[in-house]
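Given only the sequences and the hints, what does the whole structure look like? Please build it.
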Amino acid sequence: MTVQTRPAPDLSAALGAMSLATRAVRRRSLVVLTGLLVLLLGLVAARVLLGDYTITIPDFVRIVTGADIPGASYILLESKLPRAVAGTLAGLALGATGATFQTMARNPLASPDVLGITLGCSAAAVSAAVLLDAPGGMVSLAALGGGAAVAVALVVLSGTHPGAAPGRMILVGIALAAMLVSVIHWVLVRADIYQAHEAMVWLTGSLNGVTWSEIRLLTLVVVVALPLLLYVGSHLQVVELGDDLASGLGRHPRATRTRAIALVVVLTAATTAVCGPIAFVAFLSGPTARRLLRGRPSLLTAGLVGAVIVVAADYLAAYALPGNNFPVGVVTGLAGAPFLLWLLATSRPVKETA
Amino acid sequence: MTLQSRNLSLAYGKRVVVEGLDLDVPEGRVTAIVGPNGCGKSTALRGLARLLRPTAGQVLLDGTDIHSLPTRTVARRVGLLPQSPIVPEGITVAELVARGRHPHHGLLRQWTRDDDRIVAESLERTHTTDLAGRPVDQLSGGQRQRVWIAMALAQRTGLLLLDEPTSFLDIAHQVEVLDLVRDLSVEDGTTVVMVLHDLPLAARYADHLIAMRDGAIVAEGRPRDVVTADTVCDVFGITCRVRWEHAGDVSVIPLGRHLPTHGQESPEEPPHARVRVAGRP
Ligand SMILES: Nc1ncnc2c1ncn2[C@@H]1O[C@H](COP(=O)(O)OP(=O)(O)O)[C@@H](O)[C@H]1O
Ligand SMILES: [Mg+2]
Numbered sequence: 001m002t003v004q005t006r007p008a009p010d011l012s013a014a015l016g017a018m019s020l021a022t023r024a025v026r027r028r029s030l031v032v033l034t035g036l037l038v039l040l041l042g043l044v045a046a047r048v049l050l051g052d053y054t055i056t057i058p059d060f061v062r063i064v065t066g067a068d069i070p071g072a073s074y075i076l077l078e079s080k081l082p083r084a085v086a087g088t089l090a091g092l093a094l095g096a097t098g099a100t101f102q103t104m105a106r107n108p109l110a111s112p113d114v115l116g117i118t119l120g121c122s123a124a125a126v127s128a129a130v131l132l133d134a135p136g137g138m139v140s141l142a143a144l145g146g147g148a149a150v151a152v153a154l155v156v157l158s159g160t161h162p163g164a165a166p167g168r169m170i171l172v173g174i175a176l177a178a179m180l181v182s183v184i185h186w187v188l189v190r191a192d193i194y195q196a197h198e199a200m201v202w203l204t205g206s207l208n209g210v211t212w213s214e215i216r217l218l219t220l221v222v223v224v225a226l227p228l229l230l231y232v233g234s235h236l237q238v239v240e241l242g243d244d245l246a247s248g249l250g251r252h253p254r255a256t257r258t259r260a261i262a263l264v265v266v267l268t269a270a271t272t273a274v275c276g277p278i279a280f281v282a283f284l285s286g287p288t289a290r291r292l293l294r295g296r297p298s299l300l301t302a303g304l305v306g307a308v309i310v311v312a313a314d315y316l317a318a319y320a321l322p323g324n325n326f327p328v329g330v331v332t333g334l335a336g337a338p339f340l341l342w343l344l345a346t347s348r349p350v351k352e353t354a
Numbered sequence: 001m002t003l004q005s006r007n008l009s010l011a012y013g014k015r016v017v018v019e020g021l022d023l024d025v026p027e028g029r030v031t032a033i034v035g036p037n038g039c040g041k042s043t044a045l046r047g048l049a050r051l052l053r054p055t056a057g058q059v060l061l062d063g064t065d066i067h068s069l070p071t072r073t074v075a076r077r078v079g080l081l082p083q084s085p086i087v088p089e090g091i092t093v094a095e096l097v098a099r100g101r102h103p104h105h106g107l108l109r110q111w112t113r114d115d116d117r118i119v120a121e122s123l124e125r126t127h128t129t130d131l132a133g134r135p136v137d138q139l140s141g142g143q144r145q146r147v148w149i150a151m152a153l154a155q156r157t158g159l160l161l162l163d164e165p166t167s168f169l170d171i172a173h174q175v176e177v178l179d180l181v182r183d184l185s186v187e188d189g190t191t192v193v194m195v196l197h198d199l200p201l202a203a204r205y206a207d208h209l210i211a212m213r214d215g216a217i218v219a220e221g222r223p224r225d226v227v228t229a230d231t232v233c234d235v236f237g238i239t240c241r242v243r244w245e246h247a248g249d250v251s252v253i254p255l256g257r258h259l260p261t262h263g264q265e266s267p268e269e270p271p272h273a274r275v276r277v278a279g280r281p
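Protein chains in written order, with this note's numbering: chain A, 1 to 354; chain B, 1 to 281.
Just so you know, these hints were derived from the structure itself, not from any lab. Backbone N, C-alpha and C fix where the C-beta goes; we use that ideal spot for every residue, glycine too. Incorrect hints may appear among the rest.
Computed Cβ-Cβ distance ranges for the label pairs, DEER-style [to be verified]:
id, chain 1, residue 1, chain 2, residue 2, range
1, B, Gln-138, A, Arg-168, 54 to 62 Å
2, A, Ala-191, B, Gln-138, 53 to 61 Å
3, A, Ala-134, B, Gly-63, 24 to 32 Å
4, A, Gly-136, B, Gln-58, 50 to 58 Å
What follows is the structure, encoded as structure tokens:
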């Protein structure tokens, strides 16, 4: 058959409309990302320098470059700095992983903490640490095993992949999470752990006892896995159009989701092994980031929101009530409940796709 | 680019839905698949698009078993618009249409001006330019349908499989979409296979018509040969009057159990009166 060629259409109007649309979106995310970054830096600076023991900027520089200032050196290097760094890393990981699951399942309830993955990591880690007295590396591996086991259990018990039928998976996850809390309690009771702050690490998460060797491990995992997660996240944008369309666009939906789940489990395990299951951060960050971006999901923005939440909450936990050094999870847990209610009250009804 | 199926059988679990389908999609032409609800039209289309692994037989793309080709290779040659794609939240029309370029990109092949041009052209051809900055989840059903088609166009494939591209559209927009489909075939040489519900529209816009029932082809060929009272009865199980007009238009008038309420005294009413009653089931 003969193919007539069309006269080249005038595309200037469409190109103009496109660049206008793209520019609006880009500007918004640039403003939000910059704002969050500045806020995070400010919070980290406050966390490190202020509080019950003020460290001046010159002192900070001197201590970091090796000088020993009695008192200040110890507080900075053994408490303030490690907590700020670990809080930032943990927040980045929790925010991004939470948003990954929420986007994948198209449901804000489907974050790894609500689904029990975080508690799976925690239960395995506390068992290894407390019952077997395992060293740090082994605790992290146990956390990885626990998280992976819960992820597999979720898929098997709900008979679906996340994204296919989130409703079932959320119910199964909530049941698993409840069970895992009991496991953690049981381990704590068996091990005669009466010290509240030690127990709290594994129940709601805490930055109080983080060490530099733990931070090194967490840094390594976050530096490797977070960029990979952002990359897989760009593929999830296609997968979220539905399995058929994703395949039609050349993207295996199951393989993409499996990769995303694996990265989420790795990041969750590393975070939980170091600072326990910090309550609600994974759950809060994604929807907050979305509100900031007027409904667009973004893993990186969610990660920054997570970091901001954790560092701010840790500041409050440490200094809000003088003399009380609360674990960070108590504060995020307190903030989580009203946020959940707000989310339920303001969000559109969840669209369930079978 | 040729698409064929040989003795193709498709099943969901143990449930066989399409059996022994032999199909040669005419190259560069518009093929329409018609048939009653649940007869396996979407399933057949999904099989042709490599979304379902056949339980028997095969689908051949340019003579090669489609399942031996990588997903992305297939995605650069065959575009698919499923019956009910999921509307993503919070993204604009321009972004959604841009996702049609996904199969052409990778780590080494990033977005270029060419991609911009292709997306712009897809917007223009579907008259969705004005919607470019709007969030997709806030569009009407008809607008959304045109945006999905724009996305399929942006994929720039020689073969386009459209599952009910005119659902949710009013008659004017249905005609607009079908005109666009013909343009693609005539001007670009695109091969189109689409599932349609409206028999007269299918007959008007398709070069090749396939009538399915119970997962098998009942009749296939030029619309004039396929749309007969006998075939319609066979496929849909209804009696009807089929009237071909001189220009290749057809009216299919289902004859239910009732006579037209206003025509009982004079069955020989002028035909236009009855056509109006028969418009939609
Ligand atoms: N994902 C699925 N799983 C199981 N059965 C399905 C699925 N999709 C369709 N079916 C069944 O296959 C049959 C054919 O469906 P479909 O191809 O969608 O029909 P059509 O598009 O012609 O209306 C129907 O009986 C339907 O119930
Ligand atoms: Mg169908």
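Going down the list of hints, with the structure as the test:
no. : hint                                : verdict
1   : B/Gln-138 <-> A/Arg-168: 54 to 62 Å : 29 Å, violated
2   : A/Ala-191 <-> B/Gln-138: 53 to 61 Å : 54 Å, holds
3   : A/Ala-134 <-> B/Gly-63: 24 to 32 Å  : 59 Å, violated
4   : A/Gly-136 <-> B/Gln-58: 50 to 58 Å  : 54 Å, holds
Hints 1 and 3 from the earlier list are contradicted by this structure; the remaining hints agree with it.
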